[in-house]
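Given next are the chains, with one letter for each unit.
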Amino acid sequence: MEQTRIKFDSDLLNKQFVENQLVQFVNCSVLRENGLRKEHVWVRNGRILDEKSVFFEEKKLADVQIDCSGLILSPGFIDLQLNGGFGIDFSTYNSNDEDYKRGLKLVAKQLLSHGVTSFAPTVITSTPATYHTVLPLVERSNASEEGAGILGAHLEGPFICSDKRGCHPEQLVVKSLGSNPAETIEQVYGNTKNIAIVTIAPELEGAQEAIKYLVSAGATVSVGHSSAKLETGETAVMSGARMITHLFNAMQSYHHRDPGLIGLLTSSKISSAQPLFYGIISDGIHTHDSALRIAYHTNAEGLVLVTDAIAALGMSDGVHKLGTQTIHVTGLEAKLDGTNTTAGSVASMPYCIRHLIKATGCSIEFALRSATHKPATLLGITGEKGTLDVGRIADFVLIDENIDVKATFCSGSRVFLQ
Amino acid sequence: MKLIIEENADCVADFAARYVARKIAEATDRDKFFVLGLPTGSTPLGMYKRLIEFYNSGVISFRKVKTFNMDEYVGLPRDHPESYHSFMFDNFFRHIDIDPKNVHILDGNTSNHEKECAEYEAKILEAGGIDLFIGGIGPDGHIAFNEPGSSLASRTRIKTLNEDTIQANARFFGGDLSKVPTQALTVGVQTVMDAREVMILITGSHKALALHQAIECGISHMCTVSAMQMHKCATFVADEDATLELKVKTVKYFKGLMALHRKLVEF
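Taken in sequence, the protein lines are chains W and Z.
Note that the UniProt record's numbering numbers the first sequence so that position 51 is 51, with each residue one more than the last.
Note that the UniProt record's numbering numbers the second sequence so that position 92 is 92, with each residue one more than the last.
Source of the hints: derived by calculation from the structure; they are not laboratory data.
From a predicted model like this one, the values you see are computed outputs, not experimental measurements.
Any given hint might turn out to be false.
[Stated by the list, open to error] Taking lysine-lysine pairs in the DSS-like style, the calculated list, with each CA pair at most 30 Å apart, reads:
1. K60/W - K7/W
2. K15/W - K335/W
3. K229/W - K335/W
4. K52/W - K23/Z
5. K7/W - K232/Z
6. K123/Z - K52/W
7. K59/W - K123/Z
8. K105/W - K406/W
9. K101/Z - K38/W
10. K60/W - K23/Z
11. K23/Z - K59/W
12. K49/Z - K52/W
13. K38/W - K49/Z
14. K179/Z - K23/Z
[Claimed, not checked] Which residues of chain W face chain Z? A partial, calculated answer using Cβ under 10 Å:
15. N34
16. K38
17. E51
18. E58
19. K59
20. K60
21. D63
Even glycine gets a Cβ: it sits at the ideal position worked out from N, Cα and C.
Use the sequences and the hints to build the structure in full.
Structure below.
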């Protein structure tokens, strides 16, 4: 068969590739472990191929060459904390399952335009009834033309510290896990199957046991919305916690004699074999640029970008919902009704990546890795997602130097074009 | 025999690449395949880079090119970063439009080396012989893995590397001598001699004695590249540093011809 070469924005890419079609993405800077490389990416049946084997064993040329116009080809972005977007709030269950799923799908679809190919729908502090209803609907899926893939739910609460609840509804906060944390968790959440991440305040009664239980159930545990002291945070890490939720936000400020959870960044008790990650909202509002720089310079490896975006993401200024709370949005600022409390963000992942580079002077490769490989490492899914290594699912984005998303590909098929 | 003397290694790479590009373009124009013999190593790297640039800017295509590599280690996995398969793929083939069916590299992992080598010679014949064989040379004047003492009538075969080469290669294997392959499959001196044209690239003062032996001394199996003196169309492309051991007279003579030689790479 004669080889065809087409531009990444060609109409011919509106349809999916046929089975076994050999596709080669050329003329791009590919994000590899050793930086951006002028290399190619080979895809067949939705997976990244070992081009050397194709060359020397199959001795085949690609059926289709896709010219990426010199753009950066990065793994698709992974957002581990997303409350909603495009008018949909994941903590709100209105009428029926179908309605909720439709909302989830709508967000998943729209996220493709942000280059996000995997995300963890985040549910803030809610009633047990909400968890029981919503959790079974947040099923894991791979990205497709239907939308970004779902990694499982991120349950932010309700086991948090009331003083550090941020915009979470106070009356729904559960202040103790009681004498049988496993039972409490099951009572509040129901089936834990679809849980990817739980944000928990480690100082609560029974929290350490809860962390162990959640880890054994396959969830990633993150500490946050907490007044915990450093020692409690370290114990949580020993118990299996792997992450800090939106660093600096909803936790005790750093004090040099009482460092709190922020002190975990430089804790001597954390081994490099099992590094601790921290989500950070790099929108210039939730985290001052100076704080971004402090985090970046003290613990670059742990930095994971999250948007913590709410229903207002992708919408215009105005009044929006976050669970039962009312939020006022102006520009990139989201404030809880009648207060000065910052609610979730309205910044997109590309914006956060761009801002991180601007604020910290980090390399574009580092910033991209903080939204791809690192969150995938945290969730233990690098065998499938977050890298462009051989055998991985071919979810990636084409962006320019300004992190402007030009096209998004899921399983090798183009699913978004600017 | 021609000797091209260029200012530095970059100019050598540019000359070689232009020469190759022009030959390929001429053959393609006549709708004929051009058959290239190719080396690995640091000396030809610059040439490959330039050829990739020519390909990227649309000057040439490799669709009508067949290649035969000079050599490959025995027993080193194909995907090992130091294998010549890896070298050629990473530094050249993956960046151009050559059909993998037209690429030939000796397989150092077969159970029957003799058969592999005989088949390689047969494939060269089948392709109509090599139009242009490009080679580098070692400081001891070896071409491909035809170490000093190799027969000048040799053909593709298995060779045991000499101690110098093994020690020199240790740097590619974490300094661990035990990891360096001790054998290689290599085309013979006669295989190179059979090519219609040969071009030898040589750069750096550490190769100056080798160039002196290759072109100013007699033909000797202790400096296998000196066999090219008998080739009807051989070109040495050297940088200034590599000419340091040559007679002033030799250098002046060939420099006087540069205006003429420049014409070879115009396109």
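Right, here's what the structure says about each hint:
1. K60/W - K7/W: holds, 21 Å
2. K15/W - K335/W: violated, 42 Å
3. K229/W - K335/W: Given pair K229/W, K335/W holds - Cα atoms ~27 Å apart, limit 30 Å.
4. K52/W - K23/Z: holds, 28 Å
5. K7/W - K232/Z: violated, 47 Å
6. K123/Z - K52/W: Status holds; Cα separation ~22 Å.
7. K59/W - K123/Z: Holds, because 16 Å separates the two Cα atoms, which is no more than 30 Å.
8. K105/W - K406/W: At roughly 22 Å apart (the allowed maximum being 30 Å), K406/W and K105/W satisfy the hint.
9. K101/Z - K38/W: Satisfied, since the Cα-Cα distance of roughly 24 Å is no more than 30 Å.
10. K60/W - K23/Z: holds, 25 Å
11. K23/Z - K59/W: Holds, at about 25 Å.
12. K49/Z - K52/W: holds, 19 Å
13. K38/W - K49/Z: Status holds; Cα separation ~13 Å.
14. K179/Z - K23/Z: violated, 39 Å
15. N34: violated, 12 Å
16. K38: holds, 8 Å
17. E51: holds, 6 Å
18. E58: holds, 8 Å
19. K59: Status holds, d = 4 Å.
20. K60: holds, 7 Å
21. D63: Status violated, d = 13 Å.
The structure fails to meet hints 2, 5, 14, 15, 21 from the earlier list, while all remaining hints are met.
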